[in-house]
Amino acid sequence: MTPKYIREHASRINNEENPANSRQITFAPANPRFDNLLRIPLIPPGVFKSSAPITIQMTAANDVSLATGKDSDLQYGLSDGDNYIGFMLVDTKNYKDHAPCLGVEGKPGVRMGSHRTIEQSRPIVDKSETFYPGRFELTFKLNEHRGFCYTAHVGGYVKETTYRRQLDISKGLSLEVYSDDDRGEKYGIMLITVSVIYEEETFQ
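0 is the number of the first residue of the sequence shown in numbering that gives the first Met the number 0; add one for each residue after it.
You may find that some hints are simply not true.
Straight-line Cα separation of at most 30 Å, DSBU-like style, residue types lysine-lysine; simulated pairs [to be verified]:
id : residue 1 : residue 2
1  : Lys106    : Lys69
2  : Lys95     : Lys185
3  : Lys140    : Lys95
4  : Lys92     : Lys69
5  : Lys185    : Lys48
6  : Lys48     : Lys126
7  : Lys69     : Lys185
8  : Lys48     : Lys92
9  : Lys3      : Lys106
10 : Lys140    : Lys48
11 : Lys95     : Lys126
12 : Lys69     : Lys126
13 : Lys106    : Lys140
14 : Lys106    : Lys170
15 : Lys95     : Lys3
16 : Lys48     : Lys69
17 : Lys170    : Lys3
18 : Lys126    : Lys3
19 : Lys95     : Lys106
20 : Lys92     : Lys106
21 : Lys48     : Lys106
Just so you know, these hints were derived from the structure itself, not from any lab.
Please take these sequences and the hints and turn them into a complete structure.
In structure tokens, the structure reads:
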């Protein structure tokens, strides 16, 4: 998904910083409260049964400069229209007591309701590794209610999360990106890729 494609599905973008030839999309909501920034349909309703063995692999590339020493906590995840599961990718200001990515879940909408973070304080990265990686690899095993976040920290940081909320794949599936709830946050998305894996088949 390129900046052009993302722009067509985005809300609350900063128009002054998003010319047509921009290599990223910049969001700067005035009073963020878990605002929905992006919603992109991935799977239509009725394509798969609820019990289908689906794994979603996602790559997110964010603007390093906006998340280094500044507020920029983006939340990437999946929604079936009723429930949302994902990961918050925190900025370096949070690395002293937060994992670089942590599980989140809630009720999808214009703003995420019933927002819940999961094990946000562990494992943290070493003080020598407090750089913002920019690129995050996310995996969601929907049947197992689990998610994994991978970064380049310490030669390969892994965060595993178990979700209480369960997505019903028969209702369809969307990629959704949400803001955090701190004023002054600014977000830059450069690239998103998604793969849908069903047993021996992969759809990209």
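Checked hints:
Under the criterion of a C-alpha separation no larger than 30 Å, the hint pairing Lys106 with Lys69 is consistent with the structure, at around 27 Å. Restraint check for Lys95 and Lys185: the C-alpha separation of about 20 Å stays at or below 30 Å, so the hint holds. With a C-alpha separation of about 29 Å, the suggested pair Lys140 and Lys95 falls inside the 30 Å cut-off, and the hint holds. Restraint check for Lys92 and Lys69: the C-alpha separation of about 7 Å stays at or below 30 Å, so the hint holds.
The hinted pair formed by Lys185 and Lys48 fails the criterion: a straight-line CA distance of about 38 Å is larger than 30 Å. A hinted pair counts as satisfied when its Cα atoms are at most 30 Å apart, and Lys48 with Lys126 does not qualify at roughly 45 Å. A hinted pair counts as satisfied when its Cα atoms are at most 30 Å apart, and Lys69 with Lys185 qualifies at roughly 8 Å. About 42 Å separates the Cα atoms of Lys48 and Lys92, which puts this hinted pair outside 30 Å; it is violated.
A threshold of 30 Å between alpha carbons decides the hint, and for Lys3 with Lys106 the separation of about 28 Å falls inside it, so the pair holds. A hinted pair counts as satisfied when its Cα atoms are at most 30 Å apart, and Lys140 with Lys48 qualifies at roughly 15 Å. Straight-line distance between C-alpha atoms of Lys95 and Lys126 comes to about 8 Å, which keeps the hinted pair within the 30 Å bound. The straight-line distance between the Cα atoms of Lys69 and Lys126 is roughly 17 Å, inside the 30 Å bound, and the hint therefore holds.
At most 30 Å may separate the alpha-carbon atoms for a hinted pair to count; Lys106 and Lys140 meet this at roughly 19 Å. Distance hint between Lys106 and Lys170 is fulfilled; the C-alpha atoms sit about 15 Å from each other, no more than 30 Å. For the hint pairing Lys95 with Lys3, the CA-to-CA distance comes to about 35 Å; that exceeds 30 Å, so the pair is violated. For the suggested pair Lys48 and Lys69, the alpha carbons sit about 43 Å apart, so the restraint of at most 30 Å is broken.
Taken as a hint, the Lys170 and Lys3 pair is honoured in the structure, with Cα atoms around 27 Å apart against an allowance of 30 Å. Between the alpha carbons of Lys126 and Lys3 the distance comes to roughly 37 Å, so the proposed pair goes past 30 Å and is violated. For the hint linking Lys95 to Lys106, the alpha-carbon distance of about 29 Å falls within 30 Å, and the restraint holds. Among the hinted pairs, Lys92 with Lys106 is consistent with the structure: their alpha-carbon atoms are about 27 Å apart, no more than 30 Å.
Using a Cα cut-off of 30 Å, the hinted pair Lys48 and Lys106 holds, with the two alpha carbons roughly 22 Å apart.
Hint compliance for this structure: hints 5, 6, 8, 15, 16, 18 are broken, all remaining hints hold.
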